[in-house]
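Participant: The residues making up each chain are set out below.
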Amino acid sequence: MLTIESLSKSFDKGKSYALKDVTFDLKAGDVCAIIGESGSGKTTLVRLIAGLERPDEGSISLDGEVVASMNIFVQPEKRKIGLVFQEYALFPHLTIFDNILYGISKLKNKKERVQEMLDLVGLSDMGKRYPHQLSGGQQQRVALARALAPQPTLLILDEPFSNLDAMLRKQLRNEVFDIIKKTKVTVLFVTHDTQDALSVADEILILQNGKVVQKDAAENLYVKPNTLYVASLFGNTVQINKNIQTAFHCPLNEKCCHAIRNEKIKVNPAEDGNDCEYITTAKVLKKIVLGDSVQLLLKLDSGEQLTVLTQDKNIADTITIGFNSKDILEFKG
Amino acid sequence: MKQAGSNNETFSLKSRLKRFKRDINKWSVFTLAIVLFFALPIIFIGVELFSGPGETWSHIVKYLLPEYIWNSLYLVIFCSILVLLFGVSSAWLVSRFDFPFRRHLEWLLILPLAIPSYIVAYAYAGIFDYGGSIDLIFRQLNLDFIRIDIMNKAGLAFVLSISLFPYVYVSARAFFLNQANNLLEASKMLGVGERKTFFKLMLPLARPAIVAGLVLVLMEVLNDYGAAKYYGVNTFTTGIFRSWFSLEEPETAVYLSALLVVIIFALILFEKWQVRKIKFTSSKSNSTQILRKKPNRPLKWLIFSVVFLPLLLGFILPVAQLIYWAALTASTVFDMEFILISLQSFGIAITSAVITVFFALILIYFSKWSALRFINNIARVGVLGYAIPGAVIAIGIMIPTLALDKWLIDIFSKFGIDSGLIINGTLIALFYAYAVRFLAVAYNPIESTALKVDNSIPDSSKVLGVGNLKTFFKIEFPLIKTGVFSAVILVFIDVMKELPLTLILKPYHIDTLAVKAYEYASDEMVMEAATPSLLIIFTAMIPVMFLNKLLIKK
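Residue numbers (my numbering), protein chains in the order written: chain A, 1 to 333; chain B, 1001 to 1554.
Keep in mind that the hints were calculated from the coordinates and are not lab data. These numbers come from a predicted model, not from an experiment. Incorrect hints may have been included.
Unchecked claim - Negatives, chain A to chain B, calculated, CB over 12 Å:
#1 1
#2 39
#3 198
#4 220
#5 223
#6 331
To be verified - In the BS3-like style, the derived pairs of lysine-lysine whose C-alpha atoms are separated by at most 27 Å in a straight line are:
#7 A:27 to A:182
#8 A:128 to B:1452
#9 A:108 to A:184
#10 A:106 to B:1474
#11 A:299 to A:326
#12 A:287 to A:313
#13 A:15 to B:1014
#14 B:1200 to B:1293
#15 B:1014 to A:13
#16 A:80 to B:1026
#17 A:326 to A:242
#18 B:1470 to A:106
#19 A:78 to B:1018
#20 B:1481 to A:128
#21 B:1470 to A:78
#22 B:1474 to A:80
#23 A:264 to A:283
#24 A:211 to B:1014
#25 A:128 to A:106
#26 A:211 to B:1018
#27 A:108 to B:1470
#28 A:255 to A:242
#29 B:1474 to A:110
#30 A:242 to A:332
Glycine is no exception: its CB is placed at the ideal position from the N, C-alpha and C atoms.
Could you put together the complete structure from these sequences and hints?
Facilitator: This is the structure:
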């Protein structure tokens, strides 16, 4: 339902690009998360889709209709997109009821609809209050209700939880997505938090320096990341450089870049070689007890340092570590 | 990893034109039209230069121009010195020390802005005149009167400085209060003394803020007509008036105006250059309360006197003189005509304030709704009128409107209608001129309140399906209305005080309080000028206090 083709946007006439050659599409009913660091272009992408910025190149289509290209631009108010801003952007001078009513004032049964939305987000009797009288979490839900009221074809959430602390964040994330699931709307969800994305999204799109690095289902991203950056987003990874290859006696294709996840490195594997294909010895520099597991900082004979996790609390000063070829991640280039 | 090829493609002329076609909308065109409308007076001055100077121009260049330049330079230099002395010292003292009546003095020091400088000039002429206040006091004490002649260049520089220093005071104090605290503490921790902290740290840091205030003062100095005329000092502005009214040579007035505009732009460039070199001020304002030093008793009163002096000279003395005069003459001045003139004055000021604020609003929002980026920068050009002296704007409007009226009269006469002058000599030209001159006065407070409204607020309105205009009326206007209200008040005061532009453009049968005061003073009836002057001052005083609150917040 959303198709984006070679979309580019520069804010300095081409000296640098906030977004470069971005292409992807979204099926109706999908929940897609966009992950990226600050400056990766995720907010620019969202603003382009909503019609708050104009592309320098490429096109955006919604339900088969082009809404932005080199010669077409459909105003944001005509796009039927719901957008929840990072800072909620509730109208401070209007009550909660009027905030939600704002986008549906032309509807026949608008008042019933507002009440329906208030019920949906669990704020049934808060309609007469003003935004500043609400807690952060409540404001968030009002913003959601306001965006959902006009029944948008696409709902975009721009870093909706970044203003909240960790505890509230988890709780609110689940609440918000329980509400969204009820409406069956297509969702684009921007975050810089991998946990947020993994817990709610069917698909994840990863942006780095204005480019799409990978778009895939969550489990595929873990198993088959396209780049070291993607791999490291979903858990600590160690790059298998020349020195490590020598230490483990595992020569790898020189044209590719390789990495292994820290949790796939086994501590003291069985000595017969059936457990691990590649093994080496390492000195333990430091032990950090993390509750039921222990984090070890190791030094290989080649001088490389790496960390591993183990359940075993009785660790000698020198240990064996190893991994299997099926766990090696291989990246082109 | 930029691909040079595709960059060229995206930003080739062809692609740019394509996007330009996509992005240009009615708001872009409207913005351009408004900016052009506000730049017209200056454009006309530029165009008129090509029709050549008038007959007396060579005479003026030879005999008068050196004097105009020398006098203007003299005023610029001496006013700068005096204004910096009054403004910076008082700003520093009120923000660094605790002394008697500090809280009151802090806002009272802004009051001289309520008195137009020509009125201060009248008051001081009376104070130092034969039979004036000082003379009377000396005679009471049986002392010989030592007459100080104030009606000359030096006196004019003093009068202008004492009435305009608050511009520097306000911007310097805002810097000292908002930006300086953590630096002060750092300096203290490093064991640096008070004097060295001021000269080595605070003064250089405050320079951009002080220069900004100073440039405003100098623009007003070059704009002044009433005070210079009364004190018999020939400046560019009096020269423009003379060539327009006495010599009846518009071409000469145009040439003088053009020269004056060049000087003003040099001033603006000087400010830009000063600020470009050093942009110290961090955008974060410091909210921690400044800890003021508590000096011992004699020092405390010394500081009080230093801060009190500019208030005494710039407000209390002139107002006292005016009240004294008004008490003597009010009964003859106050009649039906005076009431009528007051009402006209208020009416004109309110109408033009509303018109000006309307234009400021549409300029700010139309340029925002234009999807072309360069339009946003162009919008600022429309605001430049504030730098242009009122007399110059008046000339720039007079010439084209006279031509337009001539053309209109011709057209109407073909239909057998005797229309007379439609624009010139009517209120239309006057309102237009006020809007050109005071657009910035309205634009700046509205823009600064508009900037406080996060973009996501109007954006979410648009995403919810509501267009630009409706978003403005339902969301943005309610959120910026305090800014709009203060803009109306600020323009209102400025129009009430305005003299040179009003003198040139006002309709024959209409007077304002400012014009009335000027006419009394010109007709050797300066005592009678006191009553309209006081009315202007008291009208301006209440909002000036209000403005002070606004500036503190800024």
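Participant: Evaluate each hint against the coordinates.
Facilitator: Hint check results:
Taking the minimum C-beta to C-beta distance to chain B, about 17 Å, the non-interface status of residue 1 of chain A holds against the 12 Å cut. At roughly 16 Å from the closest C-beta of chain B, the C-beta of residue 39 of chain A stays outside 12 Å, upholding its exclusion from the interface. Listed as a non-interface residue, residue 198 of chain A keeps its Cβ farther than 12 Å from every Cβ of chain B; the least gap is roughly 27 Å. The Cβ of residue 220 of chain A lies farther than 12 Å from every Cβ of chain B, with a closest approach of about 25 Å, so its non-interface assignment holds.
Here residue 223 of chain A stays apart from chain B, with its beta-carbon at least about 27 Å from theirs, past the 12 Å limit. Non-interface status of residue 331 of chain A relative to chain B is upheld: no Cβ of that chain comes within 12 Å, the nearest being about 16 Å off. Of the supplied pair hints, the one linking residue 27 of chain A and residue 182 of chain A holds, its CA atoms being roughly 18 Å apart against a limit of 27 Å. Taking the CA atoms of residue 128 of chain A and residue 1452 of chain B, the gap is about 25 Å. The hint holds against a cut of 27 Å.
Taking the CA atoms of residue 108 of chain A and residue 184 of chain A, the gap is near 23 Å; set against the 27 Å cutoff, the hint holds. As the CA atoms of residue 106 of chain A and residue 1474 of chain B are separated by approximately 15 Å, the hinted pair is consistent with the 27 Å bound. Distance hint between residue 299 of chain A and residue 326 of chain A is fulfilled; the C-alpha atoms sit about 24 Å from each other, no more than 27 Å. Proximity of residue 287 of chain A to residue 313 of chain A is assessed by CA-CA distance (about 9 Å); at most 27 Å being required, the pair is judged to hold.
In summary, the hint linking residue 15 of chain A to residue 1014 of chain B is supported, as the alpha carbons are separated by about 18 Å, within the 27 Å threshold. The straight-line distance between the Cα atoms of residue 1200 of chain B and residue 1293 of chain B is roughly 19 Å, inside the 27 Å bound, and the hint therefore holds. Distance hint between residue 1014 of chain B and residue 13 of chain A is fulfilled; the C-alpha atoms sit about 14 Å from each other, no more than 27 Å. Restraint check for residue 80 of chain A and residue 1026 of chain B: the C-alpha separation of about 23 Å stays at or below 27 Å, so the hint holds.
Distance hint between residue 326 of chain A and residue 242 of chain A is fulfilled; the C-alpha atoms sit about 19 Å from each other, no more than 27 Å. Under the criterion of a C-alpha separation no larger than 27 Å, the hint pairing residue 1470 of chain B with residue 106 of chain A is consistent with the structure, at around 13 Å. Between residue 78 of chain A and residue 1018 of chain B the CA atoms are separated by roughly 22 Å; this keeps the pair inside 27 Å, and the hint holds. Restraint check for residue 1481 of chain B and residue 128 of chain A: satisfied, since their Cα atoms lie roughly 23 Å apart, inside the 27 Å limit.
Between residue 1470 of chain B and residue 78 of chain A, the direct Cα distance comes to roughly 14 Å. Compliance with the 27 Å bound is thereby established for this hinted pair. Distance hint between residue 1474 of chain B and residue 80 of chain A is fulfilled; the C-alpha atoms sit about 20 Å from each other, no more than 27 Å. Only pairs whose Cα atoms come within 27 Å are accepted, and residue 264 of chain A paired with residue 283 of chain A is accepted, the gap being roughly 19 Å. Between residue 211 of chain A and residue 1014 of chain B the alpha-carbon distance is near 25 Å, which keeps this suggested pair within the 27 Å criterion.
At roughly 21 Å between alpha-carbon atoms, residue 128 of chain A and residue 106 of chain A fall within 27 Å of each other, so this suggested pair holds. For the hint linking residue 211 of chain A to residue 1018 of chain B, the alpha-carbon distance of about 24 Å falls within 27 Å, and the restraint holds. For the suggested pair residue 108 of chain A and residue 1470 of chain B, the alpha carbons sit about 20 Å apart, so the restraint of at most 27 Å is met. Taking the CA atoms of residue 255 of chain A and residue 242 of chain A, the gap is near 12 Å; set against the 27 Å cutoff, the hint holds.
Using a Cα cut-off of 27 Å, the hinted pair residue 1474 of chain B and residue 110 of chain A holds, with the two alpha carbons roughly 18 Å apart. This hinted pair checks out: residue 242 of chain A and residue 332 of chain A have alpha carbons roughly 16 Å apart, not beyond 27 Å.
The structure meets every hint from the earlier list without exception.
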